[in-house]
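Given next are the chains, with one letter for each unit.
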Amino acid sequence: MDLSAINPAALLASLMVAATPILLAAIGEMVVEKSGVLNLGVEGMMITGAVTGFAVAVETQSPFFGFVAAAAASAVLSLVFGFLTLKLLSNQVATGLALTLFGLGLSALIGQAYAEQRPPSTARLDLGFLSDLPFFGRVLFSHDPIVYLSLALLVAVWAFLKFARLGLVLRAVGENHDAAHALGYKVVRIRMIAIAFGGACAGLGGAHLSLVRVAQWTDGMTAGAGWIALAIVVFASWKAQRVLLGAYLFGGISVLQLNLQVAGIPVPVEYLSMSPYIITILVLVLISRSSTAAPASLGKPFFATS
Amino acid sequence: MTKDGTEGEPKVPDQTLLSVNGLTKAYPGVVANNNVSFSIKPGEVHALLGENGAGKSTLVKMIYGLVRPDSGDMALNGAPYTPSEPRAARASGVAMVFQHFSLFDALSVAENIALGMENPPKQNVLSAQIREVSETYGLPLDPERLVGELSAGERQRVEIIRCLLQNPKILIMDEPTSVLTPQEVEILFETLRKLSAEGTAILYISHKLDEIRALCDSATILRLGEVVDICNPHEKTARELAEMMVGQTLHTPSRKPHKQEGVVLQVSDLSMRSATAFGTSLKDISFSVHAGEVLGIGGVAGNGQDELLAAISGETSPDAGTVTVHGTPVQHLGPNQRRKLAILTAPEERLGHAAAPDMSLIENALMTGAIRENLTNRGFLKWGAAKTFAEKIIANFDVRTPSPNNAARALSGGNLQKFVVGREILQRPDVLVVNQPTWGVDAAAAADIRQALLDLAAQGSAVIAISQDLDELMEISDNFSALNEGRLTAPRSVQGLTVDEIGLMMGGAHGMEAAHV
Numbered sequence: 001m002d003l004s005a006i007n008p009a010a011l012l013a014s015l016m017v018a019a020t021p022i023l024l025a026a027i028g029e030m031v032v033e034k035s036g037v038l039n040l041g042v043e044g045m046m047i048t049g050a051v052t053g054f055a056v057a058v059e060t061q062s063p064f065f066g067f068v069a070a071a072a073a074s075a076v077l078s079l080v081f082g083f084l085t086l087k088l089l090s091n092q093v094a095t096g097l098a099l100t101l102f103g104l105g106l107s108a109l110i111g112q113a114y115a116e117q118r119p120p121s122t123a124r125l126d127l128g129f130l131s132d133l134p135f136f137g138r139v140l141f142s143h144d145p146i147v148y149l150s151l152a153l154l155v156a157v158w159a160f161l162k163f164a165r166l167g168l169v170l171r172a173v174g175e176n177h178d179a180a181h182a183l184g185y186k187v188v189r190i191r192m193i194a195i196a197f198g199g200a201c202a203g204l205g206g207a208h209l210s211l212v213r214v215a216q217w218t219d220g221m222t223a224g225a226g227w228i229a230l231a232i233v234v235f236a237s238w239k240a241q242r243v244l245l246g247a248y249l250f251g252g253i254s255v256l257q258l259n260l261q262v263a264g265i266p267v268p269v270e271y272l273s274m275s276p277y278i279i280t281i282l283v284l285v286l287i288s289r290s291s292t293a294a295p296a297s298l299g300k301p302f303f304a305t306s
Numbered sequence: 001m002t003k004d005g006t007e008g009e010p011k012v013p014d015q016t017l018l019s020v021n022g023l024t025k026a027y028p029g030v031v032a033n034n035n036v037s038f039s040i041k042p043g044e045v046h047a048l049l050g051e052n053g054a055g056k057s058t059l060v061k062m063i064y065g066l067v068r069p070d071s072g073d074m075a076l077n078g079a080p081y082t083p084s085e086p087r088a089a090r091a092s093g094v095a096m097v098f099q100h101f102s103l104f105d106a107l108s109v110a111e112n113i114a115l116g117m118e119n120p121p122k123q124n125v126l127s128a129q130i131r132e133v134s135e136t137y138g139l140p141l142d143p144e145r146l147v148g149e150l151s152a153g154e155r156q157r158v159e160i161i162r163c164l165l166q167n168p169k170i171l172i173m174d175e176p177t178s179v180l181t182p183q184e185v186e187i188l189f190e191t192l193r194k195l196s197a198e199g200t201a202i203l204y205i206s207h208k209l210d211e212i213r214a215l216c217d218s219a220t221i222l223r224l225g226e227v228v229d230i231c232n233p234h235e236k237t238a239r240e241l242a243e244m245m246v247g248q249t250l251h252t253p254s255r256k257p258h259k260q261e262g263v264v265l266q267v268s269d270l271s272m273r274s275a276t277a278f279g280t281s282l283k284d285i286s287f288s289v290h291a292g293e294v295l296g297i298g299g300v301a302g303n304g305q306d307e308l309l310a311a312i313s314g315e316t317s318p319d320a321g322t323v324t325v326h327g328t329p330v331q332h333l334g335p336n337q338r339r340k341l342a343i344l345t346a347p348e349e350r351l352g353h354a355a356a357p358d359m360s361l362i363e364n365a366l367m368t369g370a371i372r373e374n375l376t377n378r379g380f381l382k383w384g385a386a387k388t389f390a391e392k393i394i395a396n397f398d399v400r401t402p403s404p405n406n407a408a409r410a411l412s413g414g415n416l417q418k419f420v421v422g423r424e425i426l427q428r429p430d431v432l433v434v435n436q437p438t439w440g441v442d443a444a445a446a447a448d449i450r451q452a453l454l455d456l457a458a459q460g461s462a463v464i465a466i467s468q469d470l471d472e473l474m475e476i477s478d479n480f481s482a483l484n485e486g487r488l489t490a491p492r493s494v495q496g497l498t499v500d501e502i503g504l505m506m507g508g509a510h511g512m513e514a515a516h517v
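Going down the list, the protein sequences come from chains A and B. According to full-length UniProt numbering, the first sequence holds residues 1 to 306 in order. According to full-length UniProt numbering, the second sequence holds residues 1 to 517 in order.
Please keep in mind that the hints were generated in silico from the structure rather than gathered at the bench. Quantities reported herein were computed from a predicted structural model and do not represent experimental measurements. There may be inaccurate statements among the hints.
[Said to hold, decoys possible] Listed next, the in silico EDC-like pairs over lysine to aspartate or glutamate satisfying Cα-Cα at most 20 Å (straight line):
(1) Lys162(A) to Glu144(B)
(2) Lys162(A) to Asp105(B)
(3) Lys236(B) to Asp210(B)
(4) Lys162(A) to Glu118(B)
[To be verified] To give a feel for the contact side, a few chain A residues facing chain B, derived at Cβ under 7 Å:
(5) Ala164
(6) Gly167
(7) Leu168
(8) Glu175
(9) Asn176
(10) Ala182
(11) Leu183
(12) Gly184
Idealized CB from N, CA, C, for every residue including glycine.
Same shape as in the complex, but just chain A (with noise of 0.2 Å):
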């Protein structure tokens, strides 16, 4: 066993990577089960942007428009959700999960002429003498965009709900939209709305996992990161701050179990595998034993009766 070989600076930059696609989707999901619907098609739609995301950065060589992309398949695979959920009321829980197997089954087909290929290199962000500094450097100020972009998408979610007028709608939407509905909102059209913000998220997080976190195109790549951001939304009570520290919690001990593995701790390879998920949710959980303030009408059907 050799822990001399965990180098802290290139764990912690590691985390920031591993945090983001799970970090992405999760507030995507948030901002959607705060309007009420509860989408559980998060794996597909990630797994949809990361093969999306993969191949239109290998065809056109610019990992921007692959994210761009990414973004656009999966809010358009959101939409199809949202409508069969809004506008035909299917059953949202069975609607999520045959998203999710939807999309693994269409990212695998599409992705077949991708298995061996390499995408184009994300260029990271160079923020000058920030970049430059001695370990925060290399931790904080060497990422590639999607990372910051992840963070302020973050901040500014959180600000939209806690301040915007067009936030508190959303909440209360999420909260009582047959009254909602009485004072004139367009509870259906703003669902809609919130349902592609977080197709395009959950699509963005596949894509940065394709292509910058793993920097290549396997089946099923996402490999649950999807639900872990579902169970990050719950556990974390719909607070933007709690999702940051669910997210970076989950992709931090991912990296250091890895690292604990190739260092050859005497500890099970599987304990170590499962640790990432047992230790946030337990995080989580006994940090908001408190507070279960689920939106009031999360996952239940609205017809208008006019």
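Using the hints provided, position chain B relative to the given structure of chain A.
What follows is chain B alone, placed relative to chain A:
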């Protein structure tokens, strides 16, 4: 400020504010409004009177822009008025306070009010405005509190202030007093009279005749979607209004003289913590009910009614205290074991609690009747016996349904209520608890249900009727008691009980005394 301090502008009697001409709205299978016309002047308090299903709600939804009429037109201040959505109605000066409050429990008072405004100011400015308006109209309210923590009366204040902040020309109130104590009703009326004196017209929907006679200048009476009469309610008796509303002569339930004997149900020092975030915990509840007695339990909704029913039915077990039936302690038993001991209940929520909406009446009869009516055999269902039992309920309680195979959801509220109450009565309970026995039920069916409860008591059962309809409780109860924030007042004989005393038992005006100058 006192109610006499400012009289506002004088009323202009000859000018019409809103006129409604020949509005018609049909839904598949039912004409909700047929050629309805009436008009309202500035400062007028106009009542819309009618039974459940008479079309009052549809009519005001059309005025508020939630529903579009099939034909007919409206005019506001002489100009055509066709609101396409509530936003447009609010912009034209029409505001509405809903029957089932359109509020968001997890949001603060200020956030709730901001949601009902077109261009709300910043939160701190809005909070100041809320304080100012609430002081002016004697409706104190803290803008920062979560709505889920407020009493029903306070929640209604949120809605009223939300409307008042927009200086409406017409304020629509849909059944505003059904959740208030008599004292709170009095305060509300003062607010409404003050608004009326300032020139705001009020469209007041209710089926409570005394209120309409006390408050309203004119009344439009609706029956089955049509205007039956437009009259001055001061010139009519409550009975005349009721018969116009129902279209037939009403009979009042009669009670046969009977004596009350030994204690059947005894509840002592019962305490139970609420299982849900915005529920009510029961605190030190003690009372007893004798054979042949009807105990009426009043109180504003959300003061522990559902929890009390659950504690007696056995759905939840209390944290402390005892429940005994004929001297046998039962507080540790579950609902089925209590049913065996002849403790039966009919909860308030018809669809979802008292009955499974998508299951047939036979299945619903099986669900509570299986034990006492012996409808199972070693774990297998006796369909024949269950059908016979369901048919017996349908016949004895005049439940209007094509067949016992129909889903509970397909029945009208009144018919399902008769079925649910009848199902328990036919199982010969020693103790029967009913919550809101006639809520949303038309007058004729309500009279039948009340009569059935009185007959049951006359046969020697102990009956507990929990209701928010005080008139109903005065009519059927021997003793009256009230729930207020999870505590039960000591039962008192209904004989000689005054409305003021009842109001005080219900908790008075819930912190409004200070502002009630």
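Structure-based check of all given hints:
1. A distance of roughly 15 Å separates the Cα atoms of Lys162(A) and Glu144(B); the hinted pair therefore holds under the 20 Å criterion.
2. In summary, the hint linking Lys162(A) to Asp105(B) is supported, as the alpha carbons are separated by about 16 Å, within the 20 Å threshold.
3. Pair hint Lys236(B) plus Asp210(B) holds up; C-alpha atoms about 11 Å apart against a cutoff of 20 Å.
4. With a C-alpha separation of about 19 Å, the suggested pairing of Lys162(A) with Glu118(B) holds against the 20 Å cut-off.
5. Among the interface hints, the one on Ala164(A) is violated; its C-beta lies about 11 Å from the nearest C-beta in chain B, farther than the 7 Å criterion.
6. The interface hint given for Gly167(A) is violated, since its Cβ lies 10 Å from the closest Cβ of chain B, which is over the 7 Å cut-off.
7. At a threshold of 7 Å, the smallest CB-CB gap from Leu168(A) to chain B is about 6 Å, leaving the interface hint in force.
8. The restraint placing Glu175(A) at the interface with chain B holds, with a minimum CB-CB distance near 4 Å, inside the 7 Å limit.
9. The criterion of a C-beta within 7 Å of any C-beta in chain B is met by Asn176(A), whose closest approach is roughly 5 Å, and the hint holds.
10. Given the 7 Å rule on beta carbons, the hint for Ala182(A) holds: about 4 Å separates it from the nearest Cβ of chain B.
11. Hint status for Leu183(A) relative to chain B: holds, with the closest Cβ pair at about 6 Å, below 7 Å.
12. This hint holds: Gly184(A) has a C-beta 3 Å from the nearest C-beta of chain B, less than the 7 Å allowed.
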